[in-house]
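Colleague: Chains A and D supply the protein sequences, listed in that same order. So the first sequence is numbered by UniProt numbering: it starts at 1 and just counts up by one. So the second sequence is numbered by UniProt numbering: it starts at 1 and just counts up by one.
Note that these hints are calculated values from the structure, not bench results. Incorrect hints may have been included.
As a list, the in silico EDC-like pairs of lysine to aspartate or glutamate whose alpha-carbon atoms are at most 20 Å apart [what the hints assert, rightly or not]: (1) A:Lys31 x D:Glu409; (2) A:Lys458 x A:Glu285; (3) A:Lys369 x D:Glu671; (4) D:Lys512 x A:Glu563; (5) A:Lys471 x D:Glu691; (6) A:Lys663 x A:Asp555; (7) A:Lys663 x D:Asp462; (8) A:Lys564 x D:Asp375; (9) D:Lys666 x A:Glu212; (10) A:Lys663 x D:Glu212; (11) A:Lys512 x D:Glu691; (12) A:Lys31 x D:Asp527; (13) D:Lys512 x A:Glu691; (14) A:Lys369 x D:Glu691; (15) D:Lys471 x A:Asp693; (16) A:Lys562 x D:Asp375; (17) A:Lys31 x D:Asp375; (18) A:Lys471 x D:Glu570; (19) A:Lys364 x A:Glu212; (20) D:Lys364 x A:Glu285; (21) A:Lys666 x D:Glu212; (22) D:Lys564 x A:Asp693; (23) D:Lys564 x A:Glu44.
Note that the structure is predicted; figures quoted are calculated from it, not measured.
There are 2 protein chains.
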Amino acid sequence: MEQEAAREDADSQPTYRIERPVYSEALIRSKLLSRKENSITLRERLANHFRCSSARARAAVLSFLPILTWLPSYPVRRFLFSDVVSGLSTGVVQLPQGLAYAMLAAVPPVYGLYSSFYPVLLYTFFGTSRHISVGTFAVMSLMIGGVAVREAPDDMFNVLPANASNMSATVDTEARDARRVQVAVMLTTLVGIIQILFGVLRFGFVTIYLTEPLVRGFTTAASLHVFVSQLKYLLGVKTQRFCGVLSIVYSLKAVLWNITSTNVATLILGLVGIVFLYLVKYVNERFKKKLPVPIPGEIIVVMVSTGVSYGLSLSDDYMVDVVGKIPTGLLPPAAPDFSLFPRLITDSFTVAIVGFSMDISLAKTFALKHGYSVDGNQELIALGLCNFISSFFQTFAISCSMSRTLVQESTGGKTQIAGLMASLVVLLVVVAIGFVFQPLPQTALAAIIMVNLLGMFKQFRDIPNLWRTSKIELAIWLVACAASVLLGLDYGLLVAVLFAMLTVIYRTQSPKSSVLGHVPGTGLYYDVDEYEEAAEYEGIKIFHSNSSIYFANSDLYVTSLKEKTGVNPEHIQAARKARKKQEAKANDNHSSPPQICVKYGKQEVTREVSSDNHVAVQHINGPVGDSCPDVDSEVVHLKTPNAVHSIVLDWTPVTFIDSVGAKAIKQVSKEYAAVGVRVVIAACSRSLLAELDTLQFFTGVMTPDVMFPTVHDAVLHCHHSGSCPVAVAAVAAPPPVEELS
Amino acid sequence: MEQEAAREDADSQPTYRIERPVYSEALIRSKLLSRKENSITLRERLANHFRCSSARARAAVLSFLPILTWLPSYPVRRFLFSDVVSGLSTGVVQLPQGLAYAMLAAVPPVYGLYSSFYPVLLYTFFGTSRHISVGTFAVMSLMIGGVAVREAPDDMFNVLPANASNMSATVDTEARDARRVQVAVMLTTLVGIIQILFGVLRFGFVTIYLTEPLVRGFTTAASLHVFVSQLKYLLGVKTQRFCGVLSIVYSLKAVLWNITSTNVATLILGLVGIVFLYLVKYVNERFKKKLPVPIPGEIIVVMVSTGVSYGLSLSDDYMVDVVGKIPTGLLPPAAPDFSLFPRLITDSFTVAIVGFSMDISLAKTFALKHGYSVDGNQELIALGLCNFISSFFQTFAISCSMSRTLVQESTGGKTQIAGLMASLVVLLVVVAIGFVFQPLPQTALAAIIMVNLLGMFKQFRDIPNLWRTSKIELAIWLVACAASVLLGLDYGLLVAVLFAMLTVIYRTQSPKSSVLGHVPGTGLYYDVDEYEEAAEYEGIKIFHSNSSIYFANSDLYVTSLKEKTGVNPEHIQAARKARKKQEAKANDNHSSPPQICVKYGKQEVTREVSSDNHVAVQHINGPVGDSCPDVDSEVVHLKTPNAVHSIVLDWTPVTFIDSVGAKAIKQVSKEYAAVGVRVVIAACSRSLLAELDTLQFFTGVMTPDVMFPTVHDAVLHCHHSGSCPVAVAAVAAPPPVEELS
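Same shape as in the complex, but just chain A (with noise of 0.2 Å):
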């Protein structure tokens, strides 16, 4: 034996080679299994909680505050000096991008420079990531912008001019915008703590609800949204501002009604700055390896248009609409206006969400790339501080951006040193030199949102490619795309991640069906329609369904069974029945025959049988081969409708079962059973035994002796304790039993 192994072990192919007796789950609950005692493990498990508390204390505050693991031993001569350059390059990202989406979220643009200020300083303390740029995001700011202006529209403060004539009146547009950082900066409180929340109550796996193409087709929309709320600013007229559902809709036709009264001047500033930053991007990505940092195009459009605008006068004698006042220095705190807490705290659920997928997904994807891990949670309770302690000081929800991330990375940035130098920038301009962005026109920074957009609608290309590899998926892209696009971004997320929820539901309660046949001295079981070679056994029939069994696919597995096994206990009963009938009117003469339950039978029966003969011709022409007599089957089968003694259920993918589904098991096999059809069940897994037991599955007619470990078991068991004595030429004949085990 041990020569033999030797000479196994220097062969190139293993053997697969197994030779036991035919186990049952009884067999094995009484003889081949014994449950490991527990106590030892609790024991060990507790030892292991109370061992090293000092350590795990330590470590606490390490998880909570990262920068302590890494600033004691920060290589400065290695490190510092390419993070310095990071940090600047950043930094001048960050501050024309502050600006820009202070816009989209509908407070003055100070409040983006603080934004972009006081969470970065901060993340470098909280944060877990090292490479990713936290700070203003997109399609947060959209969000922030539509509770805004929901909560203050325009109309809620109209003034009337001083001497009441008949003009229309306008907008007192300080008071308004007030209200709206009031709105925004309470919206980012909310965020904040319910980012500190779930991230103290381990929710960090709510982002696995957001998948892949959910979160790319929510993207696009938002991109379209974000596009189609800049055109105003790109053409120069004056709209209202919509939020809500369809607000895109009315966006889009408020603009293209006043198309006429475009500013020519603000326009050409536009695209020129559009074309210049398209080139910019081209080159940057083109001469990727040859430039030392980033051509920093935002912050050139930013500078040059402003010297543009104020060397002509552009806001007073071209009508362009520029930034406007940007008071110098930081505002000291505040608490923020509570009495909003109702109304904005099912936004805020959304908006901290979504804030928090964008930074696990980009951390993650560069903690990969540079081989170390975050912390999901750790991460969420950083971005939750970030934005709770800086609404204090008037900042719009953060989060982290794609584009500025990559400005980071790609220009050496190791550490959030990197992110605190970015910070400092932005501090720099806010305490120093704010206000010579006065005369910076809104063009401009429409023109830096909208070429940021580029990348986002890349992302159409994603439906060719999801219709090749995943119908559901696309499904789920489109339905989140469309429904972010139609009912604004809130309630898109909402209604797609139901949507994607509901392809889950639909993937369980639709399962493929199959019967399975024996691929002959393998021990394998594969689809009989689909491959030659599988084989059944004559009066076996093996059912294979791959879904768990639970009270929305129950039904639809019983009924599958006895369609693809085509064997209906109702119909043999029936035809049982009408032959009992048939056979009572053939010996007596009676003038009143039981008519209408043998017109009932016939009817089924004459249908029924047939199609049952159908499969049982197949099933003898099949494996069982000559050994068969040529018998005329039709007669055969009209004799012995149910020649099928077995039918094996495969549960090798039944993971889960509930009540539903157990009782629609038991039902079936007494159903089976009365008319002599045994129901066994195979490859049933240890926890799912578990589970039936708890449902009280064993009870009555089923025993743990239905149940065996694999399908190759069950049919041994069935073939051999067979009613049906045929011999199965098709598979080797089973050798003496030699106790292995």
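Based on the hints, put chain D in the right spot on chain A.
Modeller: This is chain D only, laid out in the frame that chain A set:
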């Protein structure tokens, strides 16, 4: 060989014997399996489809009008007498229930009689069930009543008294009731249309979402609603009728606040009725066998209380509320008010589904008991036609009732001839003697409704039962009940269905994962933590997670793969880096060692490598036993932290995968490959393989060579070609290859 086989057959225990080369997916694809040509099957299918079209046409007509199948052969002498007796018994139950449920539906009592006649008559022609008694149903009546009250509330019909004094406005009940009838009738028309459409579109399956715990929780809530709604009639207090969210609370509050105005005569009459009906119910149950027909308690209560009310002039002298005007004769058909369509369409979906699900569950129960089958879709069409056609004769929506069906069946009803008789009883009352019920006190009807609820309230006993068997189903029950009580029946049902779906998601996305070991000599792989016999092969980890892999759990899958197997590529990578750095440090003594990398590495490593060792040590002490020299494992494993060379993913329970899941698996395979651990996949089903092909899974490092048909194949392959050449002692050494197939 033949002899051996014969000997084996005679033996009591068959043998499981497989001996074959180890298969991988590549081998299976190239040599073992060939796909069947499906062209013949398609032609056959087409032939089948067009073959017997005249018989098919006949079958279609018969399925649409099931009466044609059974009436021609109706065995008059055997069935007619018992059908007539049963019909009369059912009719006398139908009558008081019709009057009572009309109160629930917020329409005058005579409409309850109409609803107990037309649909019952029509069902005789279209229905497939022979035993159920269709007609008014408490839950549906209550839902209709809710809608009617919402659309025609009392205060819509306030009329100021002719002399405009300071008297409070009174309600024009006649106009109000007329409007409520309009609403109920239009709702019924819509319910009918929806049911017909669902039937024609083969949407009968929608009821599968109404799992049993959901339906029982929902009906329990409905009976609470009904109970509370009847309190005011029982007490004779006058309160408004509420509908919508929290209506049950408002109703209860209104009754309790007015409890001082209880009409004592009404209350006494009602309580006497309740006690009497309860006793009759008890007697009927107790002496079921001895009584030829059940005592018709309800009609007795109706007749006696009508008599008492008329004799003592309860209405005038004691201010007892009575049924009031019951017009004699039927109404001419009239078109419903279609202008209500937009206001009722959502409600009608709920009512249609509740009605159908009640009908089909009862029909199936009795069909099973009597051995025939009902067609869910034809049943939907039948119910829809009953509701639709009847609604033109001013009925409200009906389904079937448990209590009446039991009466009909237990008194010997064999076919719907019994239903026909019952409807004729009602017709007789409507056209001839309806007016005699005018003095019937409403409290008697409330008593009838309340006693009928007793069975429903027994469903509270489900709670302890479900607690023992399935917590998830208990949760469904409780949510269905609580939501339906608090939010009203329509929203409650919606919430309950959504919740039931979420439980399915929950089950698929929170899988149990485990590491499997081989039960020696069996080819069976079970959880090593649970069974003593399950032993791991050295260097091979078998990971099992009982769920499919898709967006909502792929992260979890990967995480628990790394945790459970104790092999984390990141930590191995980090450990390697750390070692390399340490070696470099030892070799040269420069003044600026690359500290941070070392630090990052060390911290993760020291913790993780030790846990790694724990696992490694555990399984060395496991199956490998004495064959492994007793070296200091700490030292050994710090040198070779990746003693595991292969990981087998057991995909037995995986029934579907999406692109996110496929990407996650590819990604984790790559990560493991980078640290020299091979990942192979076992027991992937054929349909899943096809799915993986579509998802372009087999590109790059992934080839069909990593797929194995069974776990044992995968393990043998890995063991054979494993990088670790230690012999495995616990497993019988494989014998020489002997090609069998």
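Colleague: For each hint, tell me whether it holds in the structure or not.
Modeller: Taking the hints in turn, this is what the structure says about them:
1. As the CA atoms of Lys31 (chain A) and Glu409 (chain D) are separated by approximately 50 Å, the hinted pair breaks the 20 Å bound.
2. For the hint linking Lys458 (chain A) to Glu285 (chain A), the alpha-carbon distance of about 15 Å falls within 20 Å, and the restraint holds.
3. Distance restraint check for Lys369 (chain A) and Glu671 (chain D): the Cα-Cα separation of roughly 11 Å lies within the 20 Å cut-off, and the hinted pair is therefore satisfied.
4. Proposed proximity of Lys512 (chain D) and Glu563 (chain A) is contradicted: the alpha carbons are some 33 Å apart, above 20 Å.
5. Of the pairs offered as hints, the one joining Lys471 (chain A) and Glu691 (chain D) holds, with about 11 Å between alpha carbons and a cut-off of 20 Å not exceeded.
6. Proposed proximity of Lys663 (chain A) and Asp555 (chain A) is supported: the alpha carbons are some 11 Å apart, at most 20 Å.
7. A threshold of 20 Å between alpha carbons decides the hint, and for Lys663 (chain A) with Asp462 (chain D) the separation of about 16 Å falls inside it, so the pair holds.
8. Distance check on the hinted pair: Lys564 (chain A) and Asp375 (chain D) sit about 19 Å apart at the alpha-carbon level, within 20 Å; holds.
9. Distance hint between Lys666 (chain D) and Glu212 (chain A) is fulfilled; the C-alpha atoms sit about 16 Å from each other, no more than 20 Å.
10. Restraint check for Lys663 (chain A) and Glu212 (chain D): satisfied, since their Cα atoms lie roughly 11 Å apart, inside the 20 Å limit.
11. The suggested pairing of Lys512 (chain A) with Glu691 (chain D) holds, with an alpha-carbon distance near 13 Å, which does not exceed 20 Å.
12. For the hint pairing Lys31 (chain A) with Asp527 (chain D), the CA-to-CA distance comes to about 17 Å; that is within 20 Å, so the pair holds.
13. Distance restraint check for Lys512 (chain D) and Glu691 (chain A): the Cα-Cα separation of roughly 13 Å lies within the 20 Å cut-off, and the hinted pair is therefore satisfied.
14. Restraint check: the Cα-Cα separation between Lys369 (chain A) and Glu691 (chain D) comes to about 29 Å, which exceeds 20 Å; the hinted pair is violated.
15. A C-alpha spacing of about 14 Å is found between Lys471 (chain D) and Asp693 (chain A), which places the hinted pair at or below 20 Å, so the restraint holds.
16. A distance of roughly 15 Å separates the Cα atoms of Lys562 (chain A) and Asp375 (chain D); the hinted pair therefore holds under the 20 Å criterion.
17. A hinted pair counts as satisfied when its Cα atoms are at most 20 Å apart, and Lys31 (chain A) with Asp375 (chain D) does not qualify at roughly 47 Å.
18. Distance hint between Lys471 (chain A) and Glu570 (chain D) is unfulfilled; the C-alpha atoms sit about 34 Å from each other, more than 20 Å.
19. Simply put, Lys364 (chain A) and Glu212 (chain A) have alpha-carbon atoms about 14 Å apart, close enough for the 20 Å limit, and the pair holds.
20. At roughly 67 Å between alpha-carbon atoms, Lys364 (chain D) and Glu285 (chain A) are farther apart than 20 Å, so this suggested pair is violated.
21. With a C-alpha separation of about 16 Å, the suggested pairing of Lys666 (chain A) with Glu212 (chain D) holds against the 20 Å cut-off.
22. With a C-alpha separation of about 26 Å, the suggested pair Lys564 (chain D) and Asp693 (chain A) falls outside the 20 Å cut-off, and the hint is violated.
23. A distance of roughly 17 Å separates the Cα atoms of Lys564 (chain D) and Glu44 (chain A); the hinted pair therefore holds under the 20 Å criterion.
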